[in-house]
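**Student:** Chain residues, written in single-letter form:
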Amino acid sequence: MNILVFVEIAEGKPRSTSLEAIAYAHAMGGDVTAIVLGTADKSSLESLGKYGAKKVLHASNNKLDQPIIQAYAGVITRAMTSENADVLVLANSSLGTPVAAKVAIRTGAGLVSNVVELPDTSSGFAVKRSIYTGKAFSVVEVTGNKKIIAIKKNAAELKEVGGNAQVVDYPVDLPDTDFNAKITSTEKATGEILLPEANIVVSGGRGMKGPEHWGILEELAKELHAATGCSKPVSDMNWRPHHEHVGQTGVKVAPQLYIAVGISGAIQHLAGVNSSKCIVVINKDPEAPFFKAADYGIVGDAFDIVPKLTAAIKAAK
Amino acid sequence: MKILVCISCVPDTTSRINFIENNTKFDTNGVQYIIGPYDDYALARAVEIKEANAGTTVTVLNVGLVDTEPIIRKALAIGADDAIRVNAEPTDSFFVASQIAEHAKGYDLILMGRESIDFNSGVVHAMVGEMLGLPSFSPVMKLDIDGSTAKMAREIEGGKEILEAKLPLVLGCQEPIADWKIPNMRGIMSARTKPLKVAEPKAVSAEVKLKKYELPAPKGAVKMIPADNVAELVKLLKNEAKVL
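Chains A and B, in that order, are what the protein sequence lines are. Quick note on my numbering: the first sequence kicks off at 6 and runs consecutively. Quick note on my numbering: the second sequence kicks off at 2 and runs consecutively.
Take these hints with a grain of salt, some might be off.
[Said to hold, decoys possible] Derived pair list, reagent style DMTMM-like, types lysine to aspartate or glutamate, alpha-carbon separation capped at 25 Å:
| # | chain 1 | residue 1 | chain 2 | residue 2 |
| --- | --- | --- | --- | --- |
| 1 | B | K224 | A | E228 |
| 2 | B | K236 | A | E224 |
| 3 | B | K167 | A | D178 |
| 4 | A | K59 | A | E162 |
[Unchecked claim] Simulated restraints on C-beta separations:
| # | chain 1 | residue 1 | chain 2 | residue 2 | range |
| --- | --- | --- | --- | --- | --- |
| 5 | A | D241 | B | K224 | 24 to 34 Å |
| 6 | B | K203 | A | F184 | 24 to 34 Å |
| 7 | B | G221 | A | E217 | 28 to 38 Å |
| 8 | A | D306 | B | D28 | 32 to 42 Å |
| 9 | B | D145 | A | N89 | 38 to 48 Å |
| 10 | A | G149 | B | V199 | 27 to 37 Å |
| 11 | B | K3 | A | E165 | 51 to 61 Å |
| 12 | A | N89 | B | N240 | 40 to 50 Å |
| 13 | A | D46 | B | K3 | 46 to 56 Å |
| 14 | B | A207 | A | F184 | 28 to 38 Å |
| 15 | A | P176 | B | K3 | 40 to 50 Å |
| 16 | B | K236 | A | N150 | 47 to 57 Å |
| 17 | A | G149 | B | T29 | 27 to 37 Å |
Rather than coming from a laboratory, the hints here were simulated on the basis of the structure. Beta carbons are placed, not taken as given, at the ideal position from N, Cα and C, and that holds for glycine.
So that you can see chain B by itself, here it is in the shape it has in the complex (with noise of 0.2 Å):
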């Protein structure tokens, strides 16, 4: 089986987000990037269903610049054999998924997380199942390959839907579908030799264009109540916040 893993390169959970040039553009000063939350565990799935089935190889695919390039070695030490990196910015849903289109036929799994959590759009996945002419399902959170059937669960609101489908698939992931892996030394080793093929994307026009970002207001002091006076709480989001 030949799974393709996309992962997406973005600021670590804790940053605090900040705007330049006149908030057009993100600041990087102190930011440190991982590899999408979501896709980590994409990843790890792909990574558990190598290991499980002989001859099952995990290719994964960034579309990034150059400095994404230590993030993809981190994949490929976790256990991916080699990468691609689509050498743009990856401005914008429609832009990513053309890109991922281009490189994903002739694989069996096309593993994704279910958004990136820098832009949040969540439509990378169906885009690409679309363009592919491909099943696409998200948020999975557990995955089981049976033959030529996956069999998944895929998380809907309160609950959770459990569905099958014919592979080949494109799937948006998320916790608990696999345990995160922390690469170990000789992965590290041999993710230093492990093809990493550049290559340069494909013309998307885009139909959706940044014009500028904001943040948002700040919050007003916390209203601190005493302990033994509930009431007044109830008092206060009834008459001052109005939320009752």
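Only chain A is shown next, with the shape it has when bound in the complex (with noise of 0.2 Å):
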């Protein structure tokens, strides 16, 4: 079985949500080769290799330090082709996912997103997949030749197993109208750790009473090297950009360790972290329905806990 992983790059570095990818096709069993879009250090695609990856094809046209879906979809489509690969595996993301619809449509083939699972080969080709915001999984069978499998974080897990990958020098066509779209600007938070791909997130609701008491929160998640959450009314009021709102509308989290303070437990929240390894809620309600989702809590106040937790991480270090 030949496997085809897109990884993609940020600030020069592979995405850990890539080399998830990378374990994932490696686990599954078959030469896997690695391909990467745009400028990216030699050392880096080489370390691939660790993850599983046998070789890595750079196609290293600076166009692409852009991320153009479209011509992203492109590349990747004559890759599957020149690889003779039989599935394409990638992460879920902002531009993993639109590839993936994309060259599914232009190779035929059987397109799996939002997996969890390693496929069952048994008898066939069966994948797992998060369904209904995570209140639920499906497991659907991939017939045909070719099949695309676009990865949920944790769905396999990372591990080192070899040393370095064989770099390959991948020249592509560019043709202009692929670039359909001008990308002006990004605005992007950097050097922070992106909360999709956090460990542990450390999130806050209203109980927070109001977006300047977060400097609370954001010391407990540098001590964690964590990533900042929150809620929906947190978000909507403007407390918190809108790209930290974690729930069924907003970003659906996979951590190790999810930390909620001050947030009632919505159902809608809920929806959004119960991929979560390890839940913790503080809150001063003891009411509050997020403690039966969680696997430890607290009854207190934020003010008095957080400070105290932090301190005691610290002190356990």
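Build the complex: two chains, separate frames, hints provided.
**Tutor:** If you want it as structure tokens, here you go:
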């Protein structure tokens, strides 16, 4: 089985979710080739071998430094053919998911997104995906020779399995018509841990009483190398930016640890966090429904508990 | 300008999810259906554009069986002019995209939500774009039309991308692209007589077939820690949950 993995680059380095896509492909047990588009440093491309890529195709044309979906879909469709790939694996993301959809139409492949586990190939090719915003799963059979799997975070365990990969230059023709959008600017928090990729998330709700009180959550997040999130009312009131809104209609997270402070736990919020491995809830209301969905809970005032927690984590290091 | 808004008919966001018939069918018992929340934003933006640009029409399209018609009428009450229902169960993204593409020719803007909140695939807009040879973008959180150019903001991990593209376009939308609209009495009255065309689906061969549904394993009981012993929580996170 030949597996192609699309690896996204952010600030010159492969995204952690893309490393999981390589680990997923490796665990499927095939020959894994990664493809990287745009400028990236060679050592980080070679290091993709650690997670199981044998070969890395590098389409280094700097026109691909801008993530134009149409152009990316063109290059990856070509690579599926040139590498004779049976399966394309990539991470669900604002770039990966639409690219997967376009490549699926162009190659006639069966596409499954939101995949949470390795495929069951004991009879056919069955994959499990998350549906109803994390409230359920479906197992689907992908028929047809070509398959595209877009994985959710934590679908595969990230472990080192090899040494350096062979990096091969992958020259591409880029038709002007593929550049069908002009990205005029990108507003992005740099250097911070991205919410969808974070292993630990610290989230605040209305119980924080105002945006000026986020400092204690940011300090806790800093101590834990965590991303910060928030509930829908908090982003609706513009206390925090929209890309931090965790929930049914916001970001769905799947961290190892989710710490919710002053969030009551409406079903719409729970839908965004129910893939978390461990949930800690801090709320002054002992009746807050979030406690029912938590692994650990503390009833108390956020302004008292959170600084103590930060100090306790510091002390335990 | 001609705008097509594709809407999904999905269980209300507060619904409890259960399955029947040996976990092969969604249990509709007691479930309230709504216009997909993201689709609702797309519709609201379409109606805003229509209100600001004389001569603009908004058509809604739904792939669904006859029981989705109350939802379609609600979309008409919110301000769409007419509707198409493709008479089929929306089983999978490729199937739905194929049905939409069949009816989406000739529109300047084809809007829908970033994903349906039942199957969460988030790929229908990109598939429709590809099928029609049009650019597609998602999730679009801001949309302004300037002549034949769409000026947009698209949410990306940790921020947003500001971009422009020429119409016609296919867009997956999300908040805060528009304020949700609630139908008023006049809208509800006029929706009853607006045209709703029913079309039979195009035959599509599926590459992806449902085997079964599953519910997540039930969560164990929460362990409460006294507020004056935060260090105990850190110990448990380290040694018991092993997440630190």
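**Student:** Could you tell me which of the hints above the structure violates, numbers in ascending order?
**Tutor:** No numbers; nothing is violated.
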